[in-house]
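Chemist: Given these sequences and hints, build the entire structure.
Residue-level listing of the chains:
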Amino acid sequence: MKKADPRQRLIRAGPLVIGAILIAAIVHVAVVLLMPQVAMLHASARLAAQAPANTLELLQPTEPGQDALALPFADPSMITAVCRFDLSAGAVRLRVPVSDSFLSVSLLSPTGHVILALTDRAATRRVIDMVLVTPEQQKLLEAQDPEDEPVQEIRIRLGQATGVALIRGLALRDAEKAAMSALLGRATCKQE
Amino acid sequence: MTRLFPNVAPILAFVLMLASGLALGVWTTARVLDGGSAPGSVRYKAWMLWPKAGAPDADPYSLAVFARRGDVPMAPSEGLALFASRDSTGATLSGRCSYVIEGLLSPARAWTLHLYQTDGRLLTGPSGRSGFTSADALVEGTQIRIVLSAQPQPGNWLPLAQSDTPVIALRLYETPLSAVASALDGSRLPDVRRIGCGE
Numbered sequence: 000m001k002k003a004d005p006r007q008r009l010i011r012a013g014p015l016v017i018g019a020i021l022i023a024a025i026v027h028v029a030v031v032l033l034m035p036q037v038a039m040l041h042a043s044a045r046l047a048a049q050a051p052a053n054t055l056e057l058l059q060p061t062e063p064g065q066d067a068l069a070l071p072f073a074d075p076s077m078i079t080a081v082c083r084f085d086l087s088a089g090a091v092r093l094r095v096p097v098s099d100s101f102l103s104v105s106l107l108s109p110t111g112h113v114i115l116a117l118t119d120r121a122a123t124r125r126v127i128d129m130v131l132v133t134p135e136q137q138k139l140l141e142a143q144d145p146e147d148e149p150v151q152e153i154r155i156r157l158g159q160a161t162g163v164a165l166i167r168g169l170a171l172r173d174a175e176k177a178a179m180s181a182l183l184g185r186a187t188c189k190q191e
Numbered sequence: 000m001t002r003l004f005p006n007v008a009p010i011l012a013f014v015l016m017l018a019s020g021l022a023l024g025v026w027t028t029a030r031v032l033d034g035g036s037a038p039g040s041v042r043y044k045a046w047m048l049w050p051k052a053g054a055p056d057a058d059p060y061s062l063a064v065f066a067r068r069g070d071v072p073m074a075p076s077e078g079l080a081l082f083a084s085r086d087s088t089g090a091t092l093s094g095r096c097s098y099v100i101e102g103l104l105s106p107a108r109a110w111t112l113h114l115y116q117t118d119g120r121l122l123t124g125p126s127g128r129s130g131f132t133s134a135d136a137l138v139e140g141t142q143i144r145i146v147l148s149a150q151p152q153p154g155n156w157l158p159l160a161q162s163d164t165p166v167i168a169l170r171l172y173e174t175p176l177s178a179v180a181s182a183l184d185g186s187r188l189p190d191v192r193r194i195g196c197g198e
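Chains V and W, in that order, give the protein sequences. Under numbering that gives the first Met the number 0, the first residue of the first sequence is numbered 0, with each subsequent residue one higher. Under numbering that gives the first Met the number 0, the first residue of the second sequence is numbered 0, with each subsequent residue one higher.
Hints are computed from structural coordinates only; laboratory data are not their basis. Errors might be hidden in some of the hints.
[To be verified] Listed below are several chain W residues computed to face chain V (Cβ distance under 10 angstroms; list not exhaustive): (1) 28; (2) 41; (3) 71.
[Stated by the list, open to error] Reference listing, derived: stretches of chain W covered by chain V, where coverage requires no fewer than 3 residues with Cβ under 8 angstroms from a Cβ of chain V: (4) 102-112; (5) 121-133; (6) 153-162.
[Unchecked claim] Computed footprint of chain V on chain W, listed as stretches where at least three residues anywhere in the stretch have a Cβ under 8 angstroms from a Cβ of chain V: (7) 46-57; (8) 60-68; (9) 176-190.
Built from N, CA and C at the ideal position, the CB exists for glycine as well.
Modeler: Take a look at the structure:
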């Protein structure tokens, strides 16, 4: 058999090269889309390990040099509390008192996606009062609502029954950390 | 060889195609996610940011980047987080050099600036200080000036060790910038400038 000339070889290899590039593209899309599901160390997984369901847990202030950071690249100026919520047995109420410092409540999906974030600006009478509900629980609650006065609490309807609430308060000076820890210590996360 | 086993060549070629496709896919994905060139990321001078990562309509690339890093992105309502692992010329930050973070600071309710190791742990010098905040830094008007150096410096100084490869995180809490983060005016961000290397 005569040896194929280089050009013919190239033409024959063409489909294989195109095939390899196609496979690479599929792998790329799959890895990007599946990363939140498969990355076991994503934020929700790390935080969920810190707290039992439907109870608020104050995390230790991230002190300089300490390796006990719950999250990488966390802001050490933030005092953090977490609540792993589970709505399967009922709605969960989050009450977070606020001060003059910046404070935020973010809800994370089980894969670490930020579903929603509120700041202390959402507080009424210096408390952020949120009720996390499933669509069915929302209907039940609305049926019980009094008709002549508005509801004070912020109701948040979630598509998923589980997730993590992350509460962070800013303490810009070391001297403010104790007060912020005390403030977050008064926050509650309870099943209704 | 091909004459003895006429079926081997196509199978071999197919396996080769499969393997090289897999390897190429994994390699490019890792490059894109770690290198900061992923869609959804924005670069201004030294700073990298993922404006949509903490939004409910976050793009899959930003979600993948943060799932891999394992931290929680800041939501636009909370503010804007900027990260720098390089100086303004694009060179990787090193403890063997000194840097100055200098320039205009955008309006925000509060800001913090901290140094981290590349794995996300805090970088604290012997003084125990890892950063500055809007409450404890010396600021002139809207300008900040923070020096990172192994040698003590006057003013706002963050100590580095020779072996460090620091990552700077600047967080602006409640800033109007988060609304326009994907089309930011880079001149409104401070520079990370190298001021010297070695002894």
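Chemist: If any of the earlier hints don't hold here, list their numbers in rising order.
Modeler: Per hint list: 2, 6, 9 violated.
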